[in-house]
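Quick mapping for you: the protein sequence lines, in order, are chains A, B, C and D.
Numbered by numbering that gives the first Met the number 0, the letters in the first sequence go through residues 0 to 304 in order.
Numbered by numbering that gives the first Met the number 0, the letters in the second sequence go through residues 0 to 304 in order.
Numbered by numbering that gives the first Met the number 0, the letters in the third sequence go through residues 0 to 304 in order.
Numbered by numbering that gives the first Met the number 0, the letters in the fourth sequence go through residues 0 to 304 in order.
These are calculated hints, taken from the structure and not from any lab test.
This one's a predicted model, so the numbers in the text were calculated from it and none came from an experiment.
Any given hint could be a false lead.
Lysine-lysine pairs mimicking DSBU-like chemistry, simulated, CA-CA at most 35 angstroms apart [stated by the list, open to error]:
no.	chain 1	residue 1	chain 2	residue 2
1	D	K125	D	K219
2	D	K219	C	K301
3	A	K297	B	K219
4	B	K221	A	K302
5	B	K107	A	K107
Label pairs and their computed distance ranges (CB to CB) [said to hold, decoys possible]:
no.	chain 1	residue 1	chain 2	residue 2	range
6	A	T118	B	E182	26 to 36 angstroms
7	C	H8	A	E99	50 to 60 angstroms
8	C	H8	A	P101	33 to 43 angstroms
9	D	K125	B	T232	21 to 31 angstroms
10	C	N5	B	H95	55 to 65 angstroms
11	B	N220	C	E99	51 to 61 angstroms
12	B	D43	D	S23	35 to 45 angstroms
13	B	H95	A	T118	38 to 48 angstroms
14	B	V170	A	G172	25 to 35 angstroms
15	A	T7	C	G60	46 to 56 angstroms
16	A	K41	C	H8	58 to 68 angstroms
17	B	D43	A	T118	22 to 32 angstroms
18	C	G117	B	H95	30 to 40 angstroms
Among chain C residues calculated to face chain A with C-beta under 8 angstroms, some are [claimed, not checked]:
no.	residue
19	T7
20	H8
21	N11
22	T12
23	G14
24	P17
25	L20
26	L148
27	G149
28	P242
29	E245
30	K301
By construction, the Cβ of each residue, glycine as well, lies at the ideal position given by its N, Cα and C atoms.
There are 4 protein chains.
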Amino acid sequence: MIHTFNPTHYFNTLGSHPPVLRVSDGDTIITSCVDAAGGDAKGDKIASGPNPMSGPFFVDGAAPGDTLAVDLKAIRLTRAHGWTRNVLAQNVVEPHYAQELPDRYGPKGVWQIDTAAGTTTLLEPKTALGNLALPLNPMPGCFGVAPALGQAISTETSGRHGGNMDYNGFVAGVTAYFPVEAEGALFFIGDAHARQGDGEISGTGIEISSEMEFALRVIKNKRIGTVRGENSTHIFAVGNARPLDEAAQIATTEMSRWLMEDYGLDHFAVGLLMGQCVEYNLGNMFDPAYTMVCKMPKQFLKKLG
Amino acid sequence: MIHTFNPTHYFNTLGSHPPVLRVSDGDTIITSCVDAAGGDAKGDKIASGPNPMSGPFFVDGAAPGDTLAVDLKAIRLTRAHGWTRNVLAQNVVEPHYAQELPDRYGPKGVWQIDTAAGTTTLLEPKTALGNLALPLNPMPGCFGVAPALGQAISTETSGRHGGNMDYNGFVAGVTAYFPVEAEGALFFIGDAHARQGDGEISGTGIEISSEMEFALRVIKNKRIGTVRGENSTHIFAVGNARPLDEAAQIATTEMSRWLMEDYGLDHFAVGLLMGQCVEYNLGNMFDPAYTMVCKMPKQFLKKLG
Amino acid sequence: MIHTFNPTHYFNTLGSHPPVLRVSDGDTIITSCVDAAGGDAKGDKIASGPNPMSGPFFVDGAAPGDTLAVDLKAIRLTRAHGWTRNVLAQNVVEPHYAQELPDRYGPKGVWQIDTAAGTTTLLEPKTALGNLALPLNPMPGCFGVAPALGQAISTETSGRHGGNMDYNGFVAGVTAYFPVEAEGALFFIGDAHARQGDGEISGTGIEISSEMEFALRVIKNKRIGTVRGENSTHIFAVGNARPLDEAAQIATTEMSRWLMEDYGLDHFAVGLLMGQCVEYNLGNMFDPAYTMVCKMPKQFLKKLG
Amino acid sequence: MIHTFNPTHYFNTLGSHPPVLRVSDGDTIITSCVDAAGGDAKGDKIASGPNPMSGPFFVDGAAPGDTLAVDLKAIRLTRAHGWTRNVLAQNVVEPHYAQELPDRYGPKGVWQIDTAAGTTTLLEPKTALGNLALPLNPMPGCFGVAPALGQAISTETSGRHGGNMDYNGFVAGVTAYFPVEAEGALFFIGDAHARQGDGEISGTGIEISSEMEFALRVIKNKRIGTVRGENSTHIFAVGNARPLDEAAQIATTEMSRWLMEDYGLDHFAVGLLMGQCVEYNLGNMFDPAYTMVCKMPKQFLKKLG
């Protein structure tokens, strides 16, 4: 079944809030989402930041100990303009270099969105870049489920429940997996980026309102330790923590467990395969928790499991 | 001019050691190199670890304040077998998971090298991977120049002078740039890997003896702050430090400076371009210093500079 | 006014939960608290971990933008026995050393409490330490206020709102200051330690039930950036984050602001005074967020402000 | 035997340089030392930074696998004025706060030294601190031995061989222990601070020329893993690394080994004793490697070993 949903209120935390919609296992939801600052498709600010979320969506049958699979079907950009911060964040450069940076809270950058052409073009500010045109790569910056212990965690940050991961590998066609910690899983999504470099090092992607389309599936009695994902070429595990070392440790540990549990490998096979084949991507290194992604090419897994 | 060289002794530090060969600006050197443990093409251990280096090669005219460009022309594997450690390193997994890992100093993994087919095949140990065959991707794990202050720094680690970066993007066709800190630059190279996953998370690539071919060029009066590189698609800056956050800060800062100095960007243009276009790669997160690489696609730089 | 309170339910998050008691500015509360695992004064487990909190206590007049001062008057230990974990945590030792450690979840250590003598004596397990007797130093491991944005954050961790700081400098006689982010401040306390080494490196102090006595005072229109404290000899600022570097940065920044706002110093005076006089203490380096404390001796502040 | 020595040249690296003096096991050396920038007792700059070292001193009989004990007998300040940097370092504050800091390379602070009174008094710059007078606490900022592998490591940084630890607990009366990695140990010392706050957070102590008096003793066939020390009240282990977490891990691991090897404890006794009794001090968090010190009060060790 397909549900079309338009939020009347938004959340700045991922937590066990009253569900806005209840769906069955396997249903598809199409929901509008505001941008990171609460701007809607008309450019009106209808919610306050950080990263107002659409949801929570309650999935029947999802319970702690299960995994929620989220098939990202489409991230449609619903406005002709996106915005950015325009200066590198102070924490992504060497400390002494931070002193050389100008104020990063000046006027926002303005980018035109051409979904037909698949490009986004810089309009403001005027710099040596001129009207730089870049390929679109729409992604949700922040999505996830209610965390454990009844916690409610700010959408500025992320954790094992997902959240503000700002990973540009979460695009249409990807399935993301989240550990269910609350009845109904309670899924949230929003904060679309028309495009974003690795690391979100200026503190934003190209921030824009969106319409997200995704299916929610429950995998019963499957415990995972952190967010996972899968696309046509890779499986991947997502570590959300500070510093990057710890984010990488979480992602690496989760991939090791995945390969042992589902692909029949022991520690030696894991060490040999991961040691020579693994790839890492950087989600964000701007938010309170950073994001590192440990990826395994499926081509090397074909004869296993 | 092309120099063919066979070392009679090797160094375990990058420092201001007596040069083994003196070459002119632009010359090409073809040198044999032992593997990380000192094993030569016959498999005989003729040097002791860590990472015995061929060199130092003195380049006429190179002086502190210059940059040394190293055109990697070929990394030829000179042995039919490479070796690996077979268990994830304790520092790349969550601390509690480290306790579950078996001893990583058991028998080494053995990999057959088929340069004609371009593959490497796992022979030992016997695991669920069977005789896993992987594409070759030859790279020098450790190379660089004499560091500042007359220091001599272990080939286990890395810094602004290069060293044990273990970055699998340093392949034939790449030009690497090093800040010259000693007369003649004093270039060292060795520690070939037939292949290596991102992060060198089992503590080795597929370690093997090699013949390295490269040209050394001096760029006079060009000061760079850390290792840089360039291939057909990207320019990149390399940060070597702990933790990963700091390695990433160094790489990011160096890319910002590069774009400002050579491409005419100001801080706003840098923030806009890097924020939405930059890519990061992980070199190693095993050695005493970790390695993060900040990359900019050349396609976005075409109209600049 | 003095309120004596006995909780009927406990919270595992610091958040905007319904208040259990409403008090006036300046009132004193005496509340019973269970230990970190929910054990009460009789040793019965009446709540589940982590760190069940007594509270929240609503203070009339406290509003976002204010500071809550908490005068710790007494931490009375209400059981003859406390318990500990007995093995160093894996994350406080070098990663390769973690592999040598035994299972840390074996039988708990048992310590006798003698409040008259002011000592605690090791009863179990039997080791070369015999019946080691140590001075008591009672402290609340976890206390704080509701965080911003309506978040509810696990008592396993800490942040600018306080929480599980496990700092052994929070003893009777100290005043702690918290930034108010919710109406009434909503103060929580519990998790007494009869004693604890710096860093909480075995993962626990000597965990015990308690009766906490404290006064709550509202400082109107005083914004602080993180937890602060004061005792007879020092003022101090508390950074809660990972890694320790960032915890130290937060504490140092807060101390700098404090000296500038309340003692009339500029950046040069701050640099001179802090550079030559500051002291750091380590709270915990076990929990999800670590704690570093930046302290300034009051003797050097006498002629200022 | 007592040797009085005045260097004619200084080193900016700790490495296997030609010894300037050869002494017997147990001998005492009194050597003059320049300050961190090479200033001598007259205020003349006779060496260049960073941290020019007196030495190396060769101790007969010291060989790799031994430990060098250094009894710090006196650190005499030999100039009437010391100097400081006057602004917090950018890396010790939150990244966004670094932008608020003024240039830290302006005129140096000037401090009068009164060894008779035991105080140091701020003369320049003029701030709200006025002529702040502080107690003297003389210490060598940088000292240690030649590192392993024939390395030569900058005196800006530190490691298992010692170096620029900037720990204000290294005062007269302390014995420091270093792992010997080269024949004769090759001991270096210099970089006196008249006083320094924890963390060396403005980037300097009160920098001054000095006369250091110390005895060098060889402990044969005693392998230690990093710098250790001992005073009248504590034994301590010193971790030098980045980030602070890793410095603390090294110090903690070394203390655990010490207690097991010399005091007869097993992992449980270590966990119980260290968990409830250990103290941490911060050396520097300014240099390329940071320093954390893990201390155990001797009072709890009396009945052991």
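Status of the hints after comparison with the structure:
1. D:K125 to D:K219: violated, 53 angstroms
2. D:K219 to C:K301: Given that 35 angstroms is the threshold and the Cα spacing comes to 51 angstroms, the pair is violated.
3. A:K297 to B:K219: Answer violated: K297 (chain A) to K219 (chain B) is near 46 angstroms, above 35 angstroms.
4. B:K221 to A:K302: Not satisfied, since the Cα-Cα distance of roughly 51 angstroms exceeds 35 angstroms.
5. B:K107 to A:K107: Status violated; Cα separation ~55 angstroms.
6. A:T118 to B:E182: 26 to 36 angstroms: Cβ of T118 (chain A) to Cβ of E182 (chain B): about 50 angstroms, so the range 26 to 36 angstroms is violated.
7. C:H8 to A:E99: 50 to 60 angstroms: holds, 53 angstroms
8. C:H8 to A:P101: 33 to 43 angstroms: Roughly 51 angstroms apart at Cβ, these two residues miss the hinted range, so it is violated.
9. D:K125 to B:T232: 21 to 31 angstroms: At roughly 57 angstroms between Cβ atoms, T232 (chain B) and K125 (chain D) fall outside 21 to 31 angstroms, so the hint is violated.
10. C:N5 to B:H95: 55 to 65 angstroms: violated, 36 angstroms
11. B:N220 to C:E99: 51 to 61 angstroms: holds, 53 angstroms
12. B:D43 to D:S23: 35 to 45 angstroms: Check passed, 43 angstroms falls within 35 to 45 angstroms.
13. B:H95 to A:T118: 38 to 48 angstroms: About 46 angstroms separates the Cβ atoms of H95 (chain B) and T118 (chain A), which means 38 to 48 angstroms holds.
14. B:V170 to A:G172: 25 to 35 angstroms: Hint holds: Cβ distance 29 angstroms, inside 25 to 35 angstroms.
15. A:T7 to C:G60: 46 to 56 angstroms: violated, 33 angstroms
16. A:K41 to C:H8: 58 to 68 angstroms: Violated - the Cβ-Cβ distance for K41 (chain A) and H8 (chain C), about 46 angstroms, lies outside 58 to 68 angstroms.
17. B:D43 to A:T118: 22 to 32 angstroms: Hint violated: Cβ distance 58 angstroms, outside 22 to 32 angstroms.
18. C:G117 to B:H95: 30 to 40 angstroms: holds, 35 angstroms
19. T7: violated, 18 angstroms
20. H8: Violated, because the Cβ-Cβ distance from H8 (chain C) to chain A comes to roughly 13 angstroms (cut-off 8 angstroms).
21. N11: For N11 (chain C), the interface hint holds, since the closest Cβ of chain A sits about 5 angstroms away, which is under 8 angstroms.
22. T12: Holds, because the Cβ-Cβ distance from T12 (chain C) to chain A comes to roughly 5 angstroms (cut-off 8 angstroms).
23. G14: holds, 6 angstroms
24. P17: P17 (chain C) check fails; min Cβ-Cβ to chain A is 13 angstroms, beyond 8 angstroms.
25. L20: violated, 21 angstroms
26. L148: Holds - the Cβ of L148 (chain C) comes within 8 angstroms of chain A, reaching about 5 angstroms at its closest.
27. G149: holds, 6 angstroms
28. P242: holds, 5 angstroms
29. E245: With a minimum Cβ separation of about 7 angstroms from chain A (threshold 8 angstroms), the hint on E245 (chain C) holds.
30. K301: violated, 33 angstroms
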